[in-house]
Amino acid sequence: MSLIETVNLCQRYGERDILKDINLAVSRGEVLAMIGPTGAGKTTLLRLIDLIDRPVSGKILFDGVETTLSEKARLAARRRMSFVLQKPVVFNTSVRDNIAYGLKWRGVPRSMIHQEVSNILEMVGLTEYGARNARTLSGGEVQRVALARAIAVGPEVLLLDEPTANLDPVSEARVEEVIRDIIQCHTTTIIMATHDMAQGQRLADRIAVLIDGEITQTGSYSEVFASPANKKVAEFVGIENVIDGVILSNDDRVVGIDVGGAVIEAISDYAAGEEVSACVRPEDVTLAVSEVSSSARNHFRGEVTRTVSLGPLTRVELDCDFPLVCLVTSRSADEMVLVKGKAVFATFKATGVHVIKREGR
Amino acid sequence: MTELWDGLTKAIELIVSFDPEVMGIAARSLRISVTSALLASLICLPLASLIHFNHFPGKRFLINLIQTFYSIPTVTVGLFVFVLFSRAGPLGGLNLLYTPTIMVLGQMVLITPVLLGLTISALSGVDRTIVDTARSLGASGFQAGLIVIREARFAVMAAVIMGFGRAISEVGCALMVGSNIRGFTRIITTAISLETSKGEVELAIALGIILICIALVVNIVLNRIQQR
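Protein chains in written order, with my numbering: chain A, 1 to 361; chain F, 1 to 228.
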């Protein structure tokens, strides 16, 4: 049985639907990362799961018990969770008192609180800050106090909303280290919202993609990133080449996709006539100045329209009768003299093309 | 000009010699105004919390009404309390007219709108995220309310001091319900009024200086609090 389950959960602010029919199940001990662009509804969903807000429809089951009942039942369920808000605020008191509040509210004896707070301060590396007013701390330190405050109560479920947003790389690494400690040392179920896909990969067992208030895909990191469920997910996970076309033929799962004159070969089950998008990762495209023979099924002659240096890599935009973006090392770009107007040959394998059905047709 | 200068020197003499009458009047003023400010706070803090934390129809109008009463004339409050507690009034049987108790009550009525309004503003000024944070850490509605009051404590204290300032500096209500009885209900403002009308400006100036000193102390404390 799932520890948390949402059933057809909807939320609306005014006329705007923020969440639409969210069905999500999270098992005990699982670390789930919700990824999605800003404004997708991640914070709204976390607030509903933490029972801070009430949904307009749908229900949330916590450990099998419906939580849309009495305020008393909601408080009891909320006390088994804790939530670190995206922009955490600290109470205008000492760091120690900030961490102790959750325990006080649960009626934990004072003697136990002191010991517990000391342990948590040590865990997050803030022992020497205990007596300091929390309002005088830096952003990274506030984030660690917020985490410490949340884990001090020993939650069964820890909800994290963009836990490292707006932090410098050093603070981000320290906060991630604390989260990793929680994952390793406790059996806490964690649901974290992040727009940092790499962070989702580093910390989570499973990824849920939330776009425009809908969960569009859930799965492991490799499933979501290698096989995005639709065009929006593909674009969000950084697949820059999402080329619209129509299946011309399907010969034993090798399909030809007409993309406006040119034909891209890919592996797919879609039948001829189906309107699809071919997703090609820029790093999967190889460039050559002359046509080369290889096992790759897709060869296109194109012209460089733009190059952008990204340090060790260079992003090259081509016109191959359809736009194609590829990533090459800057050294290769220099050796090949990839400048605007240069004719090149782009190659990629049929197995490197992920085909998704186009929606809204 | 000579009269003013003579009055000032004599007034300073009265203060530095701890003249029993001057000190008695000043102590009574402080006692009555501190009591009224504290009692009004005991009523206003929970009441302001109730208004702030609950949503009900007419809430905005009620807050506007409270703010309108910030500048209610002291004599109007005096008249209202006088009518209530005069012999023929509904509370006349309590025989409180012309006592320090009624003066405390009058000042409480006078400063309640200021205290209530400023306390509501102080609570509204607390970041909404504080409530969300408290609830996310397992606070009940009551516990979350307490944390908001705690966060607003400096602004609430400033409201109490503002109320005290209005109470100690008012004269109309104290004169109407206390009647300026020597050694019993005579306070700084009523004494200044009486002594000036008698032409004895020395005592009036001495009391005026004390009142300004109290105002100065109150302002210093208020500034300190607001800087936090």
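A portion of the hints provided could be inaccurate.
Said to hold, decoys possible - Here are a few chain A residues that face chain F, going by a calculated C-beta distance under 7 Å:
1) Cys10
2) Tyr13
3) Val56
4) Ala76
5) Arg78
6) Arg79
7) Ser94
8) Asp97
9) Arg106
10) Val170
What the hints assert, rightly or not - Below, a list of computed lysine to aspartate or glutamate pairs in the DMTMM-like style, where the Cα atoms sit at most 25 Å apart:
11) A:Lys59 / F:Asp132
12) A:Lys342 / A:Glu317
13) A:Lys104 / F:Asp127
Stated by the list, open to error - One side of the interface only, derived from the structure: several residues of chain A facing chain F at Cβ under 10 Å:
14) Arg80
15) Val84
16) Lys104
17) Trp105
18) Thr136
19) Val178
20) Ser220
21) Tyr221
22) Ser332
23) Met336
24) Val337
Everything labelled a hint here was simulated from the structure, so no lab data went into it. Quick caveat, the model's predicted, so the values are computed rather than measured. Yeah, the Cβ is synthetic: ideal placement off N, Cα and C, and Gly gets one too.
We went through each hint and held it up to the structure:
1. Cys10: Result: violated, 21 Å to nearest chain F Cβ.
2. Tyr13: 15 Å, violated
3. Val56: 18 Å, violated
4. Ala76: Not OK, violated: A:Ala76 not within 7 Å of chain F, min 10 Å.
5. Arg78: 6 Å, holds
6. Arg79: Status holds, d = 4 Å.
7. Ser94: For A:Ser94, the interface hint is violated, since the closest Cβ of chain F sits about 13 Å away, which is over 7 Å.
8. Asp97: Hint violated; A:Asp97 Cβ to chain F Cβ min 10 Å, cut 7 Å.
9. Arg106: With a minimum Cβ separation of about 6 Å from chain F (threshold 7 Å), the hint on A:Arg106 holds.
10. Val170: With a minimum Cβ separation of about 25 Å from chain F (threshold 7 Å), the hint on A:Val170 is violated.
11. A:Lys59 / F:Asp132: Distance ~21 Å between A:Lys59 and F:Asp132 Cα, so the pair holds.
12. A:Lys342 / A:Glu317: Roughly 11 Å between the alpha carbons, so the hint for A:Lys342 and A:Glu317 holds.
13. A:Lys104 / F:Asp127: Given that 25 Å is the threshold and the Cα spacing comes to 22 Å, the pair holds.
14. Arg80: The hint holds - A:Arg80 has a Cβ within 10 Å of chain F, the shortest such distance being about 9 Å.
15. Val84: 8 Å, holds
16. Lys104: Nearest chain F Cβ about 8 Å off; hint holds.
17. Trp105: 5 Å, holds
18. Thr136: Violated: closest Cβ of chain F sits about 12 Å from A:Thr136, beyond 10 Å.
19. Val178: It is violated, given that the least Cβ distance between A:Val178 and chain F is near 17 Å, above 10 Å.
20. Ser220: 29 Å, violated
21. Tyr221: Cβ of A:Tyr221 sits 28 Å from chain F, so the hint is violated.
22. Ser332: 49 Å, violated
23. Met336: 53 Å, violated
24. Val337: 55 Å, violated
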